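Residue numbers (the numbering used here), protein chains in the order written: chain S, 140 to 516; chain R, 2 to 167; chain F, 186 to 568.
Hints in this document: simulated from the structure, not taken from any laboratory. Please read all numbers here as calculations on a predicted model, not as lab measurements. Certain hints may be false.
Claimed, not checked - Below, computed lysine-lysine pairings styled on DSS-like, alpha-carbon distance capped at 27 Å:
| # | chain 1 | residue 1 | chain 2 | residue 2 |
| --- | --- | --- | --- | --- |
| 1 | F | Lys408 | S | Lys142 |
| 2 | S | Lys185 | F | Lys450 |
| 3 | S | Lys142 | S | Lys400 |
| 4 | S | Lys409 | S | Lys142 |
| 5 | F | Lys203 | R | Lys11 |
| 6 | F | Lys413 | F | Lys490 |
| 7 | F | Lys445 | S | Lys185 |
| 8 | S | Lys489 | S | Lys364 |
| 9 | S | Lys314 | S | Lys489 |
| 10 | R | Lys45 | S | Lys185 |
| 11 | S | Lys142 | F | Lys203 |
| 12 | S | Lys142 | F | Lys450 |
| 13 | F | Lys413 | F | Lys450 |
| 14 | R | Lys29 | R | Lys157 |
| 15 | R | Lys29 | R | Lys148 |
| 16 | S | Lys314 | S | Lys400 |
| 17 | F | Lys409 | F | Lys545 |
Stated by the list, open to error - Not the full set, but computed from the structure, chain S residues with beta-carbon under 10 Å of chain F:
| # | residue |
| --- | --- |
| 18 | Met209 |
| 19 | Gln219 |
| 20 | Asp220 |
| 21 | Trp235 |
| 22 | Lys237 |
| 23 | Glu242 |
| 24 | Ser288 |
| 25 | Thr383 |
Cβ coordinates follow ideal geometry from the N, Cα and C atoms, glycine included.
Chain by chain, the residues run as shown.
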Amino acid sequence: MSKLRNVAIVGFAQAPIVAENPHRTAPEMLYPVVRQALANANVERKDIDYQCAGSSDYVDGRAFSFSQVMEVMGAWPPVQDSHVEMDAAWAAHLVWVKMQAEECDAAIVAGFGKVSEGSPMHVLNLQLDPFYHASLGLDHVSTSALQASAYMAKSGVDDAGLAQVAARNRAAGAKNPDTQLRQAVSAAELQKTPFVTSPLREGYLPPIGETATCLVLAAEGKAEKMCDRPVWIHGVDHRIEFQTIGARDLTSSASTKLAAKNAFEMAGVKGVNDAQVVELGSTTPAEELILRDALGLPSGLGGTSGGPVVNPSGSPLCANPLMNTGLLRLAEGFRQLSGRAGERGVAGAKRAVVHASGGHCLQQNIVWVLGTERRWT
Amino acid sequence: MNQPPEERVKFIQTDLVLPYHYVAGDYKALYLRALKDKKILGSKCSATGKVFVPPLMSSPDAHAPCEEIVELPDRGIVTTFCVVNVPVYGRDIELPYVVASVALDGADVSIYGLVQECKPEDVEMGTRVQAVWRPDGERQGDHSDIKYFKPTGEPKAPLESFIHRL
Amino acid sequence: MSRAVAVVGVGQTHHNSKLPDVNVPEMVRIAVDRALLDAGLSHEDIDAIVLGKAPDPLEGIMQPEQYLAGALGAHMKPIIRVHTAGSVGCTTALTAATHVASGLYGRVLTVAFEKQSEGNAMWALSPNYAFTPPMVAGAGGFFAPYCRAYIMRSGAPSHIGAVVAANARENAARNEYAHLRDPMSVEDVLASPMLWDPIRFLETCPSSDGAIAIVMANEELAKKGPRKPAWLKAGATFTEPMYVPGRDQVSPLAGRTCAKFVYEKAGIKDPWNEIQVAEFYVPFSWYEPMWLENLGFAPLNEGWKAVDRGDQKFGRHLPVNPSGGVLNTNPIGASGMLRFGEAALQVMGRAGEHQVPGVKTALGHAYGGGAQYFSIAILGTEL
């Protein structure tokens with residue numbers, strides 16, 4: 140692996156994650172977040188040379204929705220800019236690639252989406268093959284349920300096991316002032332919640348929520364001036380699998396395994412146990428277990444333990460603001476490694492592995508390895 | 002129905018029904034409510050003093066808050082326009098009609114509006130116009146409260162005065 | 186860019202108002218397979234895929250890279266999807282180039298498409314956003330007032346738009362892939378109905394289905410290829426907000442800034458004489474003289490004179506849109522990449538009947554939004 144450019148996360152800001160913000164439109168939610176992120180990174184907008192956003196027209200119920208936020212990014216005089224119709228975690232990857240190409244040195248990545256205005260159930264159905272899958276009326280909970288049920292059959296994990304995983308995340312969320320669900324709930328209580336689509340109970344699914352996020356990235360030379368404890372990107376890779384749900388092994392995540400393998404190799408580490416913190420973009424307990432398997436983490440069930448702390452943020456189970464969820468995992472890695480995670484901070488954490496996902500049944504996955512020190516010297 | 006179809010299925014028709022309920026945001030809501038009272042509101046940039054109508058929470062150029070709300074007169078000039086001869090999806094206005102970019106007096110960005118009560122060929126860049134409102138009791142607090150703009154009959158504004166305010 | 190990037194293959198569909206014999210993945214595969222064939226490569230040689238297209242509601246498929254992953258040969262590879270309004274195709278190509286320039290991906294496949302006949306394009310493009318003043322004029326009606334302002338500001342005679350349209354159609358007749366190719370004279374255009382005064386029916390782009398795919402490679406791999414590649418000399422995307430007070434909507438600053446940035450990077454001081462062919466994004470004919478000025482090919486208020494003299498016709502000083510351009514082929518998401526791809530084909534000497542002789546340097550350009558998003562690329566025969 141040849142030497143790459145050291146790039147760091149140097150600042151982050153987010154709006155509170157709420158079920159609905161009736162006072163502010165998406166750009167209005169983003170404006171103070173961009174200003175805060177710039178302030179946190181001790182930088183003015185004019186010293187940022189690139190910006191990239193992640194959002195979805197269908198989530199927003201507007202074609203060209205991203206053009207609204209051009210008004211709040213400080214884009215005057217005109218700026219170098221782009222946008223991906225994906226979770227902002229992929230906008231962050233695009234920025235990282237651009238820095239590797241030496242096309243920019245300091246950038247902001249924004250995520251937004253007023254999820255409460257639409258119906259994710261209707262909209263996420265449209266990601267599916269229009270002839271064979273979307274026409275069945277499958278929504279994202281149904282496809283997740285198919286995957287969960289396949290996994291349970293193969294692994295022997297039962298309803299109580301799912302409840303335990305969910306309860307763990309709810310307990311973590313209770314310590315995270317920046318997430319949406321902040322009350323711990325016991326596994327027993329979660330097991331009493333009704334099925335939304337069996338085997339997934341209400342208690343095993345994220346709430347509807349929305350936010351706006353802004354992450355600041357900078358290359359070596361600039362990063363150190365912007366943040367007292369920049370968090371360096373050691374490795375990253377992302378992969379997609381073909382979509383056809385019936386033709387994939389839903390009980391394992393081959394693309395996560397491959398993305399992780401490549402990210403670890405870039406980072407010069409053997410595996411996930413070289414990290415002290417892991418953040419997974421899992422939206423159901425079954426997804427979390429599948430991802431743990433893919434990364435070589437214990438399930439944490441039946442007394443298994445050890446290895447890094449997983450999902451100290453509470454995971455997307457506690458907050459799943461579409462188009463921001465992936466970026467929030469990266470933000471958690473930043474907070475944990477730069478001493479900004481307060482009460483839930485994992486003491487002495489030097490490396491984090493961060494994951495985010497897109498599409499139905501973990502179709503597309505990105506894995507980052509972050510560290511407190513520069514990777515290449 | 003145990004046989005395959007005799008003719009190949011060439012397409013499927015899917016009608017999507019997606020429910021959305023949109024939030025106006027406090028600034029837009031304020032503007033719309035004021036239309037009911039025959040008032041046009043804008044917001045002023047705390048850094049440059051420029052006035053945006055409808056009000057924006059922050060200015061796109063200075064990246065500064067625009068919290069001060071100001072009232073604007075309901076008259077201005079047509080900076081530029083076009084004459085529409087084809088029906089537009091979702092609109093049923095009698096053709097041909099004029100759509101203009103109207104710079105209200107005191108505003109630093111223009112709004113779009115119809116120009117009526119005149120022949121389309123009589124509208125020029127620089128024509129001075131006045132808003133025509135829905136009558137009292139009929140205004141709802143939405144954009145249709147201003148039905149259209151009509152020429153005031155005053156001499157048109159010189160090109161230099163608005164060419165930079167399109 | 187720190188590392189050289191080249192275009193090594195281009196493939197596109199025969200664009201048309203409807204491509205009813207193929208569904209979206211099949212349509213995209215026509216372009217992809219042609220591009221790979223052109224490059225002498227197959228799917229295994231591709232390290233990453235960058236997809237670009239206009240709003241998802243145009244086909245009713247959300248985040249289509251997910252549905253298309255198999256068809257694009259993206260299984261177990263990285264894929265992203267760029268969306269930047271009308272400029273998207275060109276921005277997508279530049280994003281793919283960035284991936285190669287990063288040194289992380291040796292060969293990148295980039296694809297842009299639109300199958301807008303499958304959705305209700307007018308609905309998707311004229312949304313009545315809640316709480317926003319109603320779009321009383323449609324897309325053409327949005328730009329028509331600025332064409333009027335250009336005519337007023339520059340003193341351009343009213344026949345210029347028609348001359349551009351007739352030229353473009355003559356060019357399209359030389360491009361087997363173009364959608365509209367039937368002969369059309371200046372008189373035909375002037376006789377056509379006025380849609381949004383001053384824009385006439387025959388001065389307006391069509392609605393098309395189509396796809397284009399391009400393979401890009403790093404220096405080492407490009408030099409291995411069966412053909413001479415087109416080298417990317419410079420590229421950039423610049424954007425501006427809509428509501429900047431006093432914003433020049435006739436010659437937007439973002440376009441001028443983008444052009445200046447790209448020329449500087451490519452070492453071009455006199456575009457009119459150093460570039461031999463240009464593919465501009467012209468959806469309404471008046472934008473041709475406007476972009477000639479915005480991109481520095483003509484002085485302020487004189488773009489129309491170049492058109493009047495015929496300088497931008499095929500076979501003359503600086504042919505503009507020898508492919509026929511957006512005026513004759515407009516699958517919205519693909520149009521920007523068609524400009525980039527056509528510029529590359531000109532440099533590679535493979536534009537067939539619409540090849541401009543002696544091309545050393547070509548420019549590809551796209552814009553989108555309320556004339557806010559600008560994307561420009563310069564391609565050349567030499568590294």
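Quiz prompt | Interface restraint verdict for Glu242(S) against chain F (beta-carbon cut-off 10 Å) | solution = 6 Å, holds
Practice problem: Assess, step by step, whether the Cα of Lys29(R) is no farther than 27 Å from the Cα of Lys148(R), and give holds or violated. | Solution: The hint holds at about 18 Å.
Self-check item: chain F contact restraint for Trp235(S) - C-beta distance below 10 Å
Solution: 9 Å, holds
Practice problem: Starting from Lys489(S), check that the Cα of Lys364(S) is at most 27 Å away, please. | Solution: 20 Å, holds
Quiz item: Quick one, is the Thr383(S) hint okay against chain F at 10 Å, beta carbons?
Solution: This interface hint holds because 7 Å falls under the 10 Å limit.
Quiz item: Are the Cα positions of Lys413(F) and Lys450(F) separated by 27 Å at most?
Solution: With Cα atoms ~22 Å apart, Lys413(F) and Lys450(F) stay inside 27 Å; holds.
Self-check item: Pair hint outcome, Lys314(S) versus Lys400(S) [Cα-Cα no greater than 27 Å]
Solution: 31 Å, violated
Quiz item: Regarding the pair Lys185(S) and Lys450(F), is the alpha-carbon distance no greater than 27 Å?
Solution: 21 Å, holds
Exercise. Below or equal to 27 Å on CA atoms is what counts here, so check Lys29(R) against Lys157(R).
Key: 31 Å, violated
Quiz item: Does Lys142(S) pair with Lys450(F) here, judged by a C-alpha cut-off of 27 Å?
Solution: 26 Å, holds
Quiz prompt | Given hint Lys203(F) paired with Lys142(S) - CA-CA distance at most 27 Å | solution = 49 Å, violated
Self-check item: Distance restraint between Lys45(R) and Lys185(S), which requires alpha-carbon spacing of 27 Å or less
Solution: Satisfied, since the Cα-Cα distance of roughly 22 Å is no more than 27 Å.
In this structure, the hints that do not hold are numbers 6, 11, 14, 16 and 24, in rising order.
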